[in-house]
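Peer 1: Protein sequences appear in the order of chains A and B.
So in my numbering, the last one in the first sequence is 732, and the numbering has no gaps at all.
So in my numbering, the last one in the second sequence is 1732, and the numbering has no gaps at all.
I should point out that these hints are in silico values taken from the structure, not numbers from a laboratory.
Among the hints, erroneous ones may be present.
[What the hints assert, rightly or not] Listed next, with one range per pair, are the computed distances between beta-carbon atoms:
#	chain 1	residue 1	chain 2	residue 2	range
1	B	Pro1567	A	Pro512	33 to 39 Å
2	A	Lys453	B	Lys1643	31 to 37 Å
3	B	Asn1695	A	Lys453	31 to 37 Å
4	B	Asn1540	A	Lys643	57 to 63 Å
[Stated by the list, open to error] List of simulated lysine to aspartate or glutamate pairs, EDC-like, C-alpha gap at most 16 Å:
#	chain 1	residue 1	chain 2	residue 2
5	A	Lys74	B	Glu1665
6	A	Lys293	A	Glu244
7	B	Lys1074	A	Glu496
8	A	Lys589	B	Glu1665
9	B	Lys1316	A	Glu665
10	B	Lys1568	A	Asp629
11	A	Lys568	B	Glu1665
12	B	Lys1589	A	Asp629
13	B	Lys1530	B	Glu1717
14	A	Lys316	B	Glu1665
15	B	Lys1321	A	Glu665
16	A	Lys711	A	Glu496
Backbone N, C-alpha and C fix where the C-beta goes; we use that ideal spot for every residue, glycine too.
There are 2 protein chains.
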Amino acid sequence: TLDKTEQTNNSNAHPKLILTAQGVKDIRAQLGTIPIFDKTLATVKEEVDAEIASGIHMPIPKDYSGGYSHDRHKRNFVVLQKAGVLYQILDDEKYAKYVKDMLMQYEAMYKTLPVHPKTRSYARGKLFWQCLNDSNWLAYVSQAYDCIYNYLSEDERQQLETNLFRPFADYISVENPQFYNRVHNHSTWGNAAVGMIGLVMDDDELVQRALYGIKDANLDANAKDNDGGFINKDGKAGFLANLEEPFSPDGYYTEGPYYQRYAMYPFLIFGEALQNVKPELEIFKYKDSVLLKSVNALLQLSDAKGNFFPLNDGQKGMSTKTNALVSAVDITYHFGNQDAGLLSVAKAQDKVMLDDTGLSVALGLKENKEEPFSKTSINLSDGSDGDEGGVAILRAKNEDLTLVFKYAAQGLSHGHYDKLSFSLYDKTDEVLQDYGLARYVNIEQKGGGNYLKENKTWAKQTIAHNTLTINETSHFNGKYDVGSQHHSVLHYFSSEDETIQVVSAKEDNAYPGSELLRTMALIYDEDLGKPFILDIMKVNSITKNQYDLPFYYFGQVLSTNFEYETPKTLNVLGSKNGFQHVYLEAKSKKLSNNGQFSWMHQNKFYSLTTITNPNDELLFTRIGANDPDFNLRRDPAIQLRRKNTDNTVFVSVIESHGNYSPVTELATNSRSEIKELKVLLDTEDYTAITIATVNDKTKIFITANTNASKKVKHAVEINGTSYNWTGTHYYK
Amino acid sequence: TLDKTEQTNNSNAHPKLILTAQGVKDIRAQLGTIPIFDKTLATVKEEVDAEIASGIHMPIPKDYSGGYSHDRHKRNFVVLQKAGVLYQILDDEKYAKYVKDMLMQYEAMYKTLPVHPKTRSYARGKLFWQCLNDSNWLAYVSQAYDCIYNYLSEDERQQLETNLFRPFADYISVENPQFYNRVHNHSTWGNAAVGMIGLVMDDDELVQRALYGIKDANLDANAKDNDGGFINKDGKAGFLANLEEPFSPDGYYTEGPYYQRYAMYPFLIFGEALQNVKPELEIFKYKDSVLLKSVNALLQLSDAKGNFFPLNDGQKGMSTKTNALVSAVDITYHFGNQDAGLLSVAKAQDKVMLDDTGLSVALGLKENKEEPFSKTSINLSDGSDGDEGGVAILRAKNEDLTLVFKYAAQGLSHGHYDKLSFSLYDKTDEVLQDYGLARYVNIEQKGGGNYLKENKTWAKQTIAHNTLTINETSHFNGKYDVGSQHHSVLHYFSSEDETIQVVSAKEDNAYPGSELLRTMALIYDEDLGKPFILDIMKVNSITKNQYDLPFYYFGQVLSTNFEYETPKTLNVLGSKNGFQHVYLEAKSKKLSNNGQFSWMHQNKFYSLTTITNPNDELLFTRIGANDPDFNLRRDPAIQLRRKNTDNTVFVSVIESHGNYSPVTELATNSRSEIKELKVLLDTEDYTAITIATVNDKTKIFITANTNASKKVKHAVEINGTSYNWTGTHYYK
Ligand SMILES: [Ca+2]
Ligand SMILES: [Ca+2]
Ligand SMILES: [Ca+2]
Ligand SMILES: [Mg+2]
Ligand SMILES: [Mg+2]
Ligand SMILES: [Mg+2]
Ligand SMILES: [Mg+2]
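Please construct the entire structure, taking both the sequences and the accompanying hints into account.
Peer 2: The following block contains the structure:
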């Protein structure tokens, strides 16, 4: 028989899935000279050795996530994959034996294992409460199996494949088509798991099922999953459909970065497996290299600390350091064009994949090829054809200020009713937050770690976002079926001029009869000092409405230029659509032409200046009403309310203008630079705003509301002065 | 004439006050070879050069702190001192000329300067709104004058002394005895300022006035200052009285670390000046070296990040990195016994004094002599004789858990009504907070940066602290005159055994008719895992009362072992004594024998387990009611309420038991280790508690309530078992 490392040209050689026989050869040759790889290997070895020493634990499945049986089986598949890798790289049979022994115990248990006893999922697994986690298991364990394939006898392989792997793959696919046969991140995991075990077993039926879905599945087009998402409206299924549909041509994943991060592992690991075993598919070139583009998009969708923007159902704190991004970065570096910027991300991750791709990265770092990863202003289209809105990111001064503007499609079942909403970051903090989700992932005390009811009643609602709510109802009346049919539309995006970068988008469907056009500019003008945001929300409506425009800040009220009254007891702001979760802490008494509000957070000073009418109200609100389990954070907002109005425009400036040291006790630039904002002109075609500063500088910004051509010439006369320019907007 | 650096043996040589002629010689010899000194010097030079380039700014005084004239004159005295030093060290006349020019402008202005126009202070200054800031000015400027003394002509010196320094010193002393002639940190600044200019001018009248106060001042013994503190009850005054009175023999400063930090500079800089010019006084040996001891005490009064515990009116975030601690550490190192631990504090400060003491530190660091500064469990007595209560700090596992227990005297006018209160820290965060003060120092938008009315109505009140409030009134009925007559009394302190460290103290005066004995143990027992706190608050009262015992945590409610109800609208908890500032967010429905509450903050898991009676209530409260200017933080508490009870005991365990990673989404040890707490025995003489863990381990703790001798033998029989031990407490 051939030594397993000499079987590189044999397509039935193992390992072949992620590690390859040639890769193993190369890695062994470099071991001890590739620091980041060596360090990762040492950590993994220590971890696996400790697990081997503690013995095999094989509890009967019974818990939700956070419970012992769940966590133990999750740990098992992670350790199995690592032990398989260690067997290959270190050529030490103790690892192969450990993998074999545990797989045999799984085989013994799985044969007679009933469906998991917990009933909450629309697709219950066997090892776990949902097929999703069973799929995670199989995607990892197929790698372990591949690594010890040649260590096992033919009979042992047959035993495992017949009693464990094949039934396992069938259970999560043909026995659960409502899970497997759809376009959804759950299905991507299912497809990858089935495909990977199929590639290892050389079972083409499974591989075809992975790529193209179950051919004859009959699913109710109107059925919904636990999150309220349609299970399969249009019959699309399989890995290629999952690659086709949720990614835009720019690599934006319609559920947002938190779910994209989660999905990256099966997309890229199965991509790597297909590239290794079926290179003729050219999976990384599929859809104009969308898999590789998606990794760049995802890295761009993070703040200066590398934390992903919590769009839709995103949990805050998830970052580019997550393991799924280690594989994404290494695979993109290896199978893409060795972008030196990725090496600095890998360096920050401080670990690599223990495979051919990690070796490439380790060699790149060893040769000091890394460059800083370039975080830029970027417009990411949404929709499989890139024509369903998008997410724009404007950045100034090396991430000193970052605006995230969302004008995307619904984002499947994890989408929020947040058309034209935005969030704002400075170098170290959220300035105006996106609330994120109402869930404590894997913290069992909080609803088993699952979505809490407040995710629907609060986090998804429009009022939970920095965008316009009309008549205390959410966009599309909070109806997923309706929201799923629409998306906002880009008006223009302009990031060429560092002095003023602008994004403008329209939303005509969220509120039938009302048209919203929001234009947001990130202005970094040496005349004015620090970068700031100009926000213009223009509304046309056929009815008179109540408008609410909140800004979710953090920290302590510092000062206002208006008087306000505080109630004796705190009452809720409304009765439904999220308003029932908000307390009214104070209300402005009388506003002049500009309302100015300054606050302080983490020793920094911020201000919002907004144009106000005499009948407008500025509300100080705080989240937390009707929250019987303390599931919500008690975060505040300042909220502009305008009643009984049809056509109108909301104009605001948001500044991060100073800081405070509690050690020196010195306050620097603690006051706003803005003296006054004025609407100079507001017509169907143009909106013109003047920004006057306390240093008596005045700037004018004019945006073209109807013609977004970059080439058209505009001529506008305002109060006897002519303004002439070419393109979407004017600033001087 | 002699070269100025050769006049070392001439007591009239200059500089002599802080820098000495010999020191200048030594520094010049070492320049370029002493990294931390060289770096500090370069920073200071850059700063002063920029100021010189920007010209001299001499606004007419008009603002409160935070306003331009205030900030500019504050900046001026800082820069003058530094420019003087640069002249000496760099021997560059441009610095001397700059100092001279600015001093001459001050001389021109001061001659005719009226009292400062702002009227809020009980002792208005001339350059600033209060004499305190004028004193700061003189303490710094006397150093600048000393540095350029020999650069000036006799006539110039006479002009400055006659028109500026002498009248300035007289104004802040004899013309404002209510400021100068008392025991208070304000007066310490005044004394130091007058003494330092006296030493430079060789004016013994001023030096005597500094050391011993104004001899014939006639002050109303019942007059109070802006903070409500008595101005001078007992006629004590002068620097030595200020050194005698507020420092305990352990070096604890009765106002607490925040004010001690502020006071350190005048204490130590004038100490250094006296040591240099009048070494025969042996000021650093005064009162058993209390000045040097106070620096160690202050360093111990900080959390693992070096932030001072915000006892009394302390602003959070002030830390051992503040400039006043740079001088304190350098002076203590130089004039003390060159403690290598201080070098590591200096290294973290990353700068040194530009004088003889900074040179010593720089040489110590250059020679790699530094060792880690030892943060220990320590009991610091309060009161000039050390017999007026104190502050105990218990630390476990290299600051993994730090308990701060306050059983001190009133703490002068900045004291809070917080007898037997505590705060708890882990390595990176506050676990159970001391609220601190209601003030935003130097942030003019918030009441000019001064104390806010909520400091009195909230921050000082008992309910704002983690201690017992009886019948919704504060200790001593919130009366300063009464509180000032009393202090708590140490029962025992035991930190020898790392497994269990205990502090116990009594308070019999805060509530006439009620006796409080609080015993707090920091238990770090390998059998039980992580360190935790056992808290036993025993009350005897002649009346039936309502008791409220809050625990001010941070973050998100995770779980409870009891049901609770949340109201539709939020109402205040009470009408006065701080209760009017608290909202009731939820109330327990029915409690069993233990109430358990878990929360999550900064990705860490915490639990409170407390013994409850069926009629007890656990209240979820939040600060922020009746706060019309948003001056208070919206921080939560869990509050145990027991009604209609005379003698009772409150027993709780507080744990920091786990953590969460938002990147791996894994929760580790998210649940409390405590299964049940029980009172086994509670008599006049003994309280015995059992702690049972979820791992079925049970420990017993018995504290002697009446006999605190470390030598006495105890024998107690409980439920047929005999417990025998020697000393204050038993634990097994
Ligand atoms: Ca499409
Ligand atoms: Ca005393
Ligand atoms: Ca005494
Ligand atoms: Mg959202
Ligand atoms: Mg959802
Ligand atoms: Mg306090
Ligand atoms: Mg006070």
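Peer 1: Between Asn1695 (chain B) and Lys453 (chain A), does the beta-carbon spacing fit 31 to 37 Å?
Peer 2: About 34 Å separates the Cβ atoms of Asn1695 (chain B) and Lys453 (chain A), which means 31 to 37 Å holds.
Peer 1: Check the hint pairing Lys316 (chain A) with Glu1665 (chain B) against an upper bound of 16 Å on the C-alpha distance.
Peer 2: 11 Å, holds
Peer 1: Does the structure keep Lys1530 (chain B) and Glu1717 (chain B) at a Cα separation of 16 Å or less?
Peer 2: 30 Å, violated
Peer 1: With a cut-off of 16 Å on the C-alpha distance, tell me whether Lys74 (chain A) and Glu1665 (chain B) pass.
Peer 2: 12 Å, holds
Peer 1: For a C-alpha distance cap of 16 Å, please report whether Lys1074 (chain B) and Glu496 (chain A) respect it.
Peer 2: 44 Å, violated
Peer 1: Confirm or reject the claim that Pro1567 (chain B) and Pro512 (chain A) have a C-beta distance inside 33 to 39 Å.
Peer 2: 37 Å, holds
Peer 1: Hint check: Lys293 (chain A) vs Glu244 (chain A), CA-CA at most 16 Å. Holds or violated?
Peer 2: 13 Å, holds
Peer 1: Is the gap between the beta carbons of Asn1540 (chain B) and Lys643 (chain A) within 57 to 63 Å?
Peer 2: Given about 60 Å between the Cβ atoms, the range holds.
Peer 1: Take a quick look at whether Lys568 (chain A) and Glu1665 (chain B) sit within 16 Å of each other, Cα to Cα.
Peer 2: Distance of about 41 Å is beyond 16 Å: violated.
Peer 1: Using the Cβ atoms, figure out if Lys453 (chain A) sits within 31 to 37 Å of Lys1643 (chain B).
Peer 2: Since the Cβ atoms of Lys453 (chain A) and Lys1643 (chain B) sit about 34 Å apart, the hinted range of 31 to 37 Å holds.
Peer 1: Starting from Lys1568 (chain B), check that the Cα of Asp629 (chain A) is at most 16 Å away, please.
Peer 2: 14 Å, holds
Peer 1: So if I understand the rule, the pair passes when the alpha-carbon distance is 16 Å or less; does Lys1321 (chain B) with Glu665 (chain A) pass?
Peer 2: Cα-Cα ~12 Å, so holds.
Hints 7, 8, 11 and 13 from the earlier list are contradicted by this structure; the remaining hints agree with it.
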